[in-house]
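Asker: Quick mapping for you: the protein sequence lines, in order, are chains A and B. Using this note's numbering, the letters of the first sequence map in sequence onto residues 986 to 1171. Using this note's numbering, the letters of the second sequence map in sequence onto residues 52 to 605.
Honestly, the hints are just simulated from the structure, not real lab data. Careful: at least some of the hints might be erroneous.
Said to hold, decoys possible - Part of the chain B face toward chain A, derived, beta carbon under 10 Å: (1) Thr-130; (2) Gly-384; (3) Pro-387; (4) Val-555.
Each residue gets a CB set at the ideal place from its N, CA and C atoms; glycine is no exception.
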Amino acid sequence: MKLRLILILLAGLAIGSLLAWLLVAGSSQVVPVAEVLPAEAPPTPTPAPEQKITLFFAGDDGLLHPEIRTVPLPEETTARIRIVFAELLAGPRSSLQPILPYPAELRTVFVSPDGRVYLDLSGPPEALEGSATELMLIYGVVNSILLNTDVVAVQVLFDGTERSTLTGHLDLSRPLVLNKYLIGTS
Amino acid sequence: MRFLSNFRASQSNKSLHSQIKGGREAALFFGYPFTFRHQPQHSRARPRTASFSYACKSRIPIPLRTAGNCYHVPAMRKTVFFTLVLLLGVVTVLQAQTLPARLEFRHQGLKVETTSIRNRVELAPIMTLLGGEAAYSASAGVWALSLGENLVQVAPDRRLVLINGKLAEAQDAPITSPGGVAVTLRFLDEYVLGPFGFHLDATAGGYSIVAGVSAGRPVTVRPAAADFSATTTLVLSLDRAADASVEARPGGGAVVLMPRSAPRIESANRLRSRRVRAVIAAPGRIEVDLKPGVGLISWNVLTTPDRVVMEFGSAPPTPTPAPIIARPVQRTGPRPIVIDPGHGGEDTGAIGASGLNEKELTLAIASRLARILRAAGHPVRLTRDGDVGRALSDRAALANRLDAQVFVSLHANAWTAPSVHGAETYYMSLDDRASDAAAQSTADLENRADGGSLDQGSTLDLILWDMAQSEVLNESARLALRVQARLNALLGLKDRGVKQAPFVVLTGATMPAVLVEVGFLSNSEEMKQLASPDHQQALADAIALGIGDFLARQ
């Protein structure tokens, strides 16, 4: 019994040693990571001019309704998209409903030469349901970005992956254009 | 750290001995801070002639017989030994996969040395070597790699790559590195150099970046053919996604171009077809040998699962037709109405507070709707008649295959605001996809048209296709209006109107197609109504009347 215990301890020690060695051996080839300096030009010292932007939030009628607010808005497309998304995430200031049912993080923005944009959002922490949820989330983001930038179409990705659909309804496998049918008139 | 000092094994047992010796050598080679010490069985600790000692009785004795001697190693020790051997194997594999700290890349007489980090190489020096640029956008979180007209965008810790505006998903992600961004050699070859027209060749001490396409990664291809009266469908199932396009050979036959792949045909001998003679793999392409007088009519590259679908017929070969939407099969007899109960199987859809599932509700209403329509003399097919999952793309495909006159998908809604309620009817939105050639390929091989198809290779055909889609869209709008009007009138539901959106389940339907959201399970009042069989019947009645109104005006 005692011998078995010793053997178990020795085996554990061996595995631990191997893992420690692996870490040490691995790190010997890793170049220390330094702070990455963005290759693009540093931001201009002057603040972005304040401009009116149109954001879409959900109404009680299940449609998207515009809310206009004034924010500092830079010229560069991806920077504008980040501002618009941040305002969407902050939520409506009126009686409208938020379109993002969870605190989504905008991770990456790809802009193609022909003006299409691919937004990589963090995925929902738990499965969402309902076509209304999907329509409000996706078209709230898509319509808001399209109205405030020179982008022609937006595809929303989740967790770095192209999703065919989010709740089993809307086709998310390609960039979407403005959906005017989901915009409420009143 | 001599932690195996008591490990015993027969010195004369060659297999075990060699394993121990190998392990010892491996340990020394990799610089382990310990060594195995193997001890002859005839040591002082155990008599040479021992068979099963008392100490072994409590364990499973494993006799090791060599040259008439019987030794045994307790199971526990053996376990420890094999664990260590396994770990050593893992270490060896990891060592083999680790790139050297510095790597040399050569291109057109120039060379650059880059550092490696976490099995990845710095990209910036390689871009400089090629005469390209690498620029980082902090707001986008994206590196833009440009060379000539080509632009590749990569993002640290993301497998997504945008190659000249086309999204791709790599097997591994770039990482942020001291030099900016670093990628694996596979990523470099496939997603950076490939789009720039280069590939990697391994050389002594590094790699050479040379023009042209590499042999590519292997892809297993399983061909299957189905003969119809006038056409043959050839499906090449791929074991992974691969760029592919099909061209008709001027002298007959066709070739599937897979520029970044090395295809390997599996079970080719099982291919039996009246029109396809053989499918032959070659680096970067698959040759399709056709019988005389047979030509390529259409082709399509599809996903989930990944496959290339070609249609051959006796029509004269066309100069590389574009992907197509096939016309529905021309049927004799009444055309069915296809009802699609949304979700099913593991996909429950929305769930109300009472536990009412969307999948159960849609099936219940669909069954009632089918009974009503059948009673009215319409042939009806359900996309599912039980609690089974069915791919969204298969549902409209079934309607296409049956040449249905109407396709109705039933769903129940949910929304975070519990006050939202009411039924609504959707039809397909095409405004964002009419110009997207890829979107035109959704009504694919499942449609299996014997009667040929539209060739979108010409402007005229594109216009015709657009007109056909517009016609279907107009009809879908009319159907949606009729159904919604009946839902509103019969049930006194709040009119949430008719809307358009690109729903997956409606994509590719070649007949009037709508998606009906019968109500909100997130609204407690409406959820109670939806659970009631009377309400379900009323909804089915209303939808049936709407379909009837639409068909009466056809």
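Asker: Each hint: holds or not?
Answerer: Going down the list of hints, with the structure as the test:
1. The beta carbon of Thr-130(B) comes within 8 Å of a beta carbon in chain A, closer than 10 Å, and the hint placing it at the interface holds.
2. A hinted interface residue such as Gly-384(B) counts as satisfied when its beta carbon comes closer than 10 Å to some beta carbon of chain A; here the least separation is about 32 Å, so the hint is violated.
3. Given hint, Pro-387(B) at the interface with chain A, is violated; its Cβ is 24 Å from that chain's nearest Cβ, farther than 10 Å.
4. Restraint check, Val-555(B) versus chain A: the minimum CB separation of about 4 Å is within 10 Å; hint holds.
Hints 2 and 3, counting from the list given before, are not met by this structure.
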